[in-house]
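Note that the protein sequences, when read in sequence, are chains A and B. Per my numbering, the first sequence runs over residues 277 to 582. Per my numbering, the second sequence runs over residues 277 to 582.
Worth flagging that the hints you see were computed from the coordinates, not collected in a lab. There's no promise every hint is true.
Any copy, or any two copies together, can satisfy a pair, since identical chains are not distinguished.
What the hints assert, rightly or not - List of simulated lysine to aspartate or glutamate pairs, EDC-like, C-alpha gap at most 20 Å:
(1) Lys427 with Asp469
(2) Lys497 with Glu349
(3) Lys420 with Asp469
(4) Lys485 with Asp376
(5) Lys311 with Glu299
(6) Lys311 with Asp296
(7) Lys485 with Asp463
(8) Lys497 with Asp376
(9) Lys420 with Glu324
Protein chains: 2
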Amino acid sequence: MLGIEQIGTYIPSQRISNYDRQEQFGIDSHFIEKKIGVRSVSRKSAQEETSDLGQRAVESLVNRSDLDLATVELLVVVTQTPDYSIPHTSALLHGRLGLDTQCACFDISLGCSGFVYGLSVVKSFMESNGLKRGILVTADPYSKVVDPNDKNTTLLFGDAAAATLISDHPVLVPGAFTFGSMGGEYDKLICRDGVLSMNGRAVFNFAAKQIPGDLRLMAEKNNIALEKIDRFLLHQGSLIIVETITAKLGLEPGRVPFSAGDFGNSCSSTIPILLIDEIDDPTVKTIAVSGFGVGLSWASTLLRRV
Amino acid sequence: MLGIEQIGTYIPSQRISNYDRQEQFGIDSHFIEKKIGVRSVSRKSAQEETSDLGQRAVESLVNRSDLDLATVELLVVVTQTPDYSIPHTSALLHGRLGLDTQCACFDISLGCSGFVYGLSVVKSFMESNGLKRGILVTADPYSKVVDPNDKNTTLLFGDAAAATLISDHPVLVPGAFTFGSMGGEYDKLICRDGVLSMNGRAVFNFAAKQIPGDLRLMAEKNNIALEKIDRFLLHQGSLIIVETITAKLGLEPGRVPFSAGDFGNSCSSTIPILLIDEIDDPTVKTIAVSGFGVGLSWASTLLRRV
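Let's have the full structure, built from the sequences with the hints guiding it.
The structure is reproduced here in structure tokens:
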């Protein structure tokens with residue numbers, strides 16, 4: 277049985293405060309605290325590349341576990357802001373981490389749904405190929421593509437990375453997954469000529485409409501009532517989207533944490549950053565995870581403690 | 277049981293002849309015919325994007341099969357030259373092909389090893405999630421990143437795409453896979469500032485050294501002697517690399533086709549383009565496939581006719 281054994285994360289220490297940008301963008305503390313919920317966004321240094329963020333997350337994972345990197349058989353990097361378009365960032369990390377020659381490596385191009393998708397891809401690839409130890413890195417430092425004068429993106433997105441160890445000594449095992457795509461809406465969150473643009477209203481409406489139903493479907497596929505699920509770790513798009521989905525499902529807010537206030541929406545790393553707070557808490561038995569955004573796309577599953 | 281049911285391909289009609297460039301690059305017909313083996317390279321039109329090539333390949337697949345696109349549950353695009361860095365190209369294709377909302381979509385970032393890797397990713401993801409019909413698109417039109425004055429790349433790489441239907445009505449079923457990475461060599465085939473550069477000698481030496489041993493290992497994992505394998509479909513990097521691997525393994529050249537003479541090395545699409553010539557031939561029972569290149573990386577497996 278394969279599942280999540282441990283998680284490491286890396287959030288760069290540099291911050292840009294959204295309070296310092298109230299005048300520039302015509303926003304107030306209500307908007308910062310009650311709408312987007314992001315007080316400051318994390319920013320990598322100019323020297324740091326996507327692979328560096330991933331490497332720091334893997335180092336954190338090694339520190340938090342007894343992982344011997346020489347035994348890793350699969351490395352998958354989820355990113356849409358790779359160091360180079362050719363080759364894949366997992367190749368760079370493979371070399372730098374000194375992984376085995378027979379370690380399989382590839383990147384997945386997905387955004388905010390990427391961690392949940394990646395969990396299914398890694399788990400199924402490992403099962404099918406008889407592997408015991410794989411690392412799923414999520415690293416999408418959007419500061420590489422965010423226009424610092426674009427209110428729709430610069431106030432929201434923060435840089436971070438996570439590294440998730442999937443192994444045959446699991447703590448949290450995923451059940452049935454749900455996936456979805458609305459490819460006709462591909463241009464609602466898009467990078468053209470190196471600059472990200474987001475139609476915030478369209479992305480909000482998509483998530484508010486699709487995700488509650490998807491979580492119901494996911495619970496049904498996992499034969500569990502929503503009331504029986506201890507935590508809902510939703511992609512941290514903004515406070516208001518997390519609160520809206522929470523309200524639509526009639527959940528107590530305490531079961532649906534929001535943790536992005538100090539560093540922002542880190543794309544595919546938001547869910548593993550939330551998970552690190554839950555993985556060592558034995559009272560949390562069941563966790564719904566749901567990622568949604570770029571594509572537009574979404575993916576959800578249920579994690580059960582072993 | 278899941279496997280390859282049918283394949284569609286698209287090779288743009290425009291060609292650049294390498295004979296017309298003998299003077300520019302100081303090459304002769306011996307170099308063209310006996311070394312690289314590529315007489316002309318295919319080029320997409322300026323208007324065509326990666327998604328367009330993929331769409332044409334899917335249309336070819338639909339023409340060659342009885343596939344109803346409404347029943348497709350997974351679409352994976354292998355590319356390192358996507359239309360946009362954000363979102364994934366599979367999202368664009370999802371919308372354009374009118375696929376179902378619950379169809380899972382993601383891109384894999386891999387180069388010349390991408391078809392074989394993708395086959396394992398798609399098959400295992402489908403098995404794990406109980407899916408019956410998925411499409412693996414390979415589309416990497418390197419003309420987007422090739423410098424027309426760089427002899428190392430412009431004489432070799434041609435534009436093409438393929439779409440492979442993986443389903444529960446398979447014709448060719450993959451067995452055990454082998455994978456490998458030499459991430460320390462990541463800069464031997466790399467795109468910097470939008471321009472591809474290749475250290476041809478390093479890539480040749482890598483393939484000549486790694487792939488024969490990998491094919492032996494793959495055969496061993498599949499409990500078959502090399503002599504019993506009807507065809508070896510190797511990534512069409514160049515004629516000389518295909519001939520070198522053939523000679524090192526002591527294979528008769530007739531079992532190891534080279535088909536890229538008229539359009540060039542189409543990266544992750546070379547193997548499905550070769551496969552389309554074999555899939556309807558009932559006398560070909562066993563086919564080794566091996567992709568190698570960008571990363572540096574490689575992947576091999578054995579296909580058995582059902």
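Status of the hints after comparison with the structure:
no. : hint               : result
1   : Lys427 with Asp469 : within (18 Å within a copy, 28 Å between copies)
2   : Lys497 with Glu349 : between (30 Å within a copy, 17 Å between copies)
3   : Lys420 with Asp469 : both (12 Å within a copy, 14 Å between copies)
4   : Lys485 with Asp376 : between (45 Å within a copy, 17 Å between copies)
5   : Lys311 with Glu299 : within (17 Å within a copy, 65 Å between copies)
6   : Lys311 with Asp296 : within (17 Å within a copy, 63 Å between copies)
7   : Lys485 with Asp463 : within (18 Å within a copy, 44 Å between copies)
8   : Lys497 with Asp376 : between (37 Å within a copy, 19 Å between copies)
9   : Lys420 with Glu324 : within (10 Å within a copy, 27 Å between copies)
Consistency with the previously given hints is maintained throughout, with no hint failing.
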